[in-house]
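Chemist: Chains as they are written, first to last, in this note's numbering: chain L, 134 to 384; chain C, 13 to 402.
Derived by calculation from the structure, the hints in this document are not laboratory data.
Heads up, a few of these hints could be off.
Heads up, simulated DSSO-like pairs for lysine-lysine below, C-alpha to C-alpha not over 30 Å straight-line [unchecked claim]:
#1 L/292 <-> C/280
#2 C/175 <-> C/129
#3 L/257 <-> C/280
#4 C/134 <-> C/193
#5 L/292 <-> C/373
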Amino acid sequence: MHSPATLASPHEFQRIYVWELPVRFYHWLNALCIVVLTATGFVIANPPGINAASEAAFSYWFGTVRFIHFATAYVFVFNFAFRIYWGFVGNQYSNWKNFLPLKFAQFKEVMSVLRVDILQYSNKSLVSVGHNALAYLTYFVMFLVFLFQVASGFALYAKMSHSFFPQLFTWMLPIFGGDLGLRQWHHIATWFFIIFTLIHVYLVFYHDYVEGNGVLSSMAGGWKFLPEVTADGKTAGVSGKATAKPDPKNR
Amino acid sequence: MENIAEKVAPADRDQTTVYEQLTSRGVSRRDFLKFCGWMSACMGLGPEGLAQVASALETKKRIPVVWMHFQECTCCSESFLRSSHPIVADILLDKISLDYTEVLLAASGHQAEACLKDTITKYKGEYLLCCEGSIPTGEDGAYCCIGGRSAADILNEVAAGAKAVIAWGNCACSGCVQAAKPNPTNAMPIHKVLAGKPIVNVQGCPPIAEVMAGVLVHLLTFDRIPQLDSLGRPKEFYSRRVHDTCYRRPNYDAGLFVESFDDENARKGYCLYKMGCRGPSTYNSCGTIRWNGGVSFPIQSGHGCIGCSESNFWDNGPFYERLAQFPGFGIEKTADNIGLGVGAVTVAGIAAHAVLTNIRKHHEIGEQPGEAASDGPPPPAVDPTKKGGA
Numbered sequence: 134m135h136s137p138a139t140l141a142s143p144h145e146f147q148r149i150y151v152w153e154l155p156v157r158f159y160h161w162l163n164a165l166c167i168v169v170l171t172a173t174g175f176v177i178a179n180p181p182g183i184n185a186a187s188e189a190a191f192s193y194w195f196g197t198v199r200f201i202h203f204a205t206a207y208v209f210v211f212n213f214a215f216r217i218y219w220g221f222v223g224n225q226y227s228n229w230k231n232f233l234p235l236k237f238a239q240f241k242e243v244m245s246v247l248r249v250d251i252l253q254y255s256n257k258s259l260v261s262v263g264h265n266a267l268a269y270l271t272y273f274v275m276f277l278v279f280l281f282q283v284a285s286g287f288a289l290y291a292k293m294s295h296s297f298f299p300q301l302f303t304w305m306l307p308i309f310g311g312d313l314g315l316r317q318w319h320h321i322a323t324w325f326f327i328i329f330t331l332i333h334v335y336l337v338f339y340h341d342y343v344e345g346n347g348v349l350s351s352m353a354g355g356w357k358f359l360p361e362v363t364a365d366g367k368t369a370g371v372s373g374k375a376t377a378k379p380d381p382k383n384r
Numbered sequence: 013m014e015n016i017a018e019k020v021a022p023a024d025r026d027q028t029t030v031y032e033q034l035t036s037r038g039v040s041r042r043d044f045l046k047f048c049g050w051m052s053a054c055m056g057l058g059p060e061g062l063a064q065v066a067s068a069l070e071t072k073k074r075i076p077v078v079w080m081h082f083q084e085c086t087c088c089s090e091s092f093l094r095s096s097h098p099i100v101a102d103i104l105l106d107k108i109s110l111d112y113t114e115v116l117l118a119a120s121g122h123q124a125e126a127c128l129k130d131t132i133t134k135y136k137g138e139y140l141l142c143c144e145g146s147i148p149t150g151e152d153g154a155y156c157c158i159g160g161r162s163a164a165d166i167l168n169e170v171a172a173g174a175k176a177v178i179a180w181g182n183c184a185c186s187g188c189v190q191a192a193k194p195n196p197t198n199a200m201p202i203h204k205v206l207a208g209k210p211i212v213n214v215q216g217c218p219p220i221a222e223v224m225a226g227v228l229v230h231l232l233t234f235d236r237i238p239q240l241d242s243l244g245r246p247k248e249f250y251s252r253r254v255h256d257t258c259y260r261r262p263n264y265d266a267g268l269f270v271e272s273f274d275d276e277n278a279r280k281g282y283c284l285y286k287m288g289c290r291g292p293s294t295y296n297s298c299g300t301i302r303w304n305g306g307v308s309f310p311i312q313s314g315h316g317c318i319g320c321s322e323s324n325f326w327d328n329g330p331f332y333e334r335l336a337q338f339p340g341f342g343i344e345k346t347a348d349n350i351g352l353g354v355g356a357v358t359v360a361g362i363a364a365h366a367v368l369t370n371i372r373k374h375h376e377i378g379e380q381p382g383e384a385a386s387d388g389p390p391p392p393a394v395d396p397t398k399k400g401g402a
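Work the whole structure out from these sequences, hints included.
Modeler: The following block contains the structure:
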């Protein structure tokens, strides 16, 4: 097919460095932690009946699964703490302010994303350089669930530990009806991550498929491909965040 | 040893020590020391603890004890009476001087009430108040009345002059079954009704007899309440989980679980975790002191722990399942059923959305005017930041 040379493609992309290395590192370590914690968590909740013919003295697999769960929890916590820190020192796309829809523009963008990408009764082109406002909001909710999982998990773990750190969370126990009640909520919150991951992975494919912006590979290399921004910022999306020359320090 | 009927007149008891009374009853010095050693071991004291306990029982005067029964089943008294060591029963019932208890009192009616009045006025600030049972606070306490007075009323009067309060069992410590949802009588544990008194929560349904004796001997020996945990339980008996002292623990770590009662694994004595055993979340001495003179305890008998020394254990879901039912979804729905359902709905939603996307975004997807594959490579993109890629 030959198109007239005068017709410019809408996919005249510029390459923008969005996700810094620490953010990408956080993302994948976090993803790994969640996979490991979910898998071991389900085993702990309802251990499979394997190895039923051996003597207890020769085996320790359930103890090992629990150890992996607890050790990974520590990695998860410190990785999460690091991400919060990075929300204050990282570039504009990883900044903590994006996660809270406190500005009207962010709220408006949430509505636009719902209209264009989720319900799809508009085909308007939306360009967000970092996440879109709805995604940021979802991640904020996810962070709250992270906090809950950390607090509830360590509160449950406190009984088996002499370290001071898990003891910091024992106040969770009476609030959620003791050990078994809290354990139940800890288990329910795990399902949030499963549902979240389903939708999250789907939407990454969706955006890459529809917009061709390389969002799928951006969490590997850090670069996204976005439409050239005109002088009036029209194609920069509702958030208007895309600048011709994104500068990590420019906020 | 037979439980010898009280022969010493109450007036005499006031002047004698526990040891004097025991020897006058024919207990040998050897048996007395065995008891002291056994008690100090139960309390987790070192070898020097034996001397402290023995010396206290030899020199200290009796503690007057008032033992009240409210909303309860008397299983705490029953447990105590069935203590394996004869001196345990004697020490309280004969020697420490149980001045009032509905269960074992010879007197009745006005005489019994007079006896109670007598004790709490004569030994004001000295006597020990032991309570079995919770306090119903609904309907002005009409659900539990003794001699025409409500339990809360009696408790407040009796506790006013008490040196310390011991709450026996789950009823007195956290309300037990009568405080389980929906708690029709609005039953309250002692510590929620009483304020300003040191309260020792001796948890369990019932507590282990040796633990009950140990708490009393501790109070007698050291003249102060033992160190308590966050739920008011003496740490010397409630600082370790049943799970951590369970002889079946190696099976837990090895992943050897009973899958159903009376299966091969149950016969082999594997871990009862999957049968809903509450050992991992229950603090008690069942794994070490055990019951009926150290004969056994529930897990040893093949039944999981039901967590009777923990608050609200009746409300913590079915005793034979790890996961409680999910609130609001009927009895057979666990978090996993709900999660799988939500997951299935999510996947269906994703599939529908993917189809919708291919229809609604048909023009945005794929080749656009001016970018046919045969047109050759597009002009090189401008790298605004000049940063290196990954």
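Chemist: Now look at each hint and say whether the structure bears it out.
Modeler: Each hint tested on the structure:
A C-alpha spacing of about 28 Å is found between residue 292 of chain L and residue 280 of chain C, which places the hinted pair at or below 30 Å, so the restraint holds. For the hint pairing residue 175 of chain C with residue 129 of chain C, the CA-to-CA distance comes to about 16 Å; that is within 30 Å, so the pair holds. A distance of roughly 67 Å separates the Cα atoms of residue 257 of chain L and residue 280 of chain C; the hinted pair therefore is violated under the 30 Å criterion. A distance of roughly 41 Å separates the Cα atoms of residue 134 of chain C and residue 193 of chain C; the hinted pair therefore is violated under the 30 Å criterion.
For the suggested pair residue 292 of chain L and residue 373 of chain C, the alpha carbons sit about 54 Å apart, so the restraint of at most 30 Å is broken.
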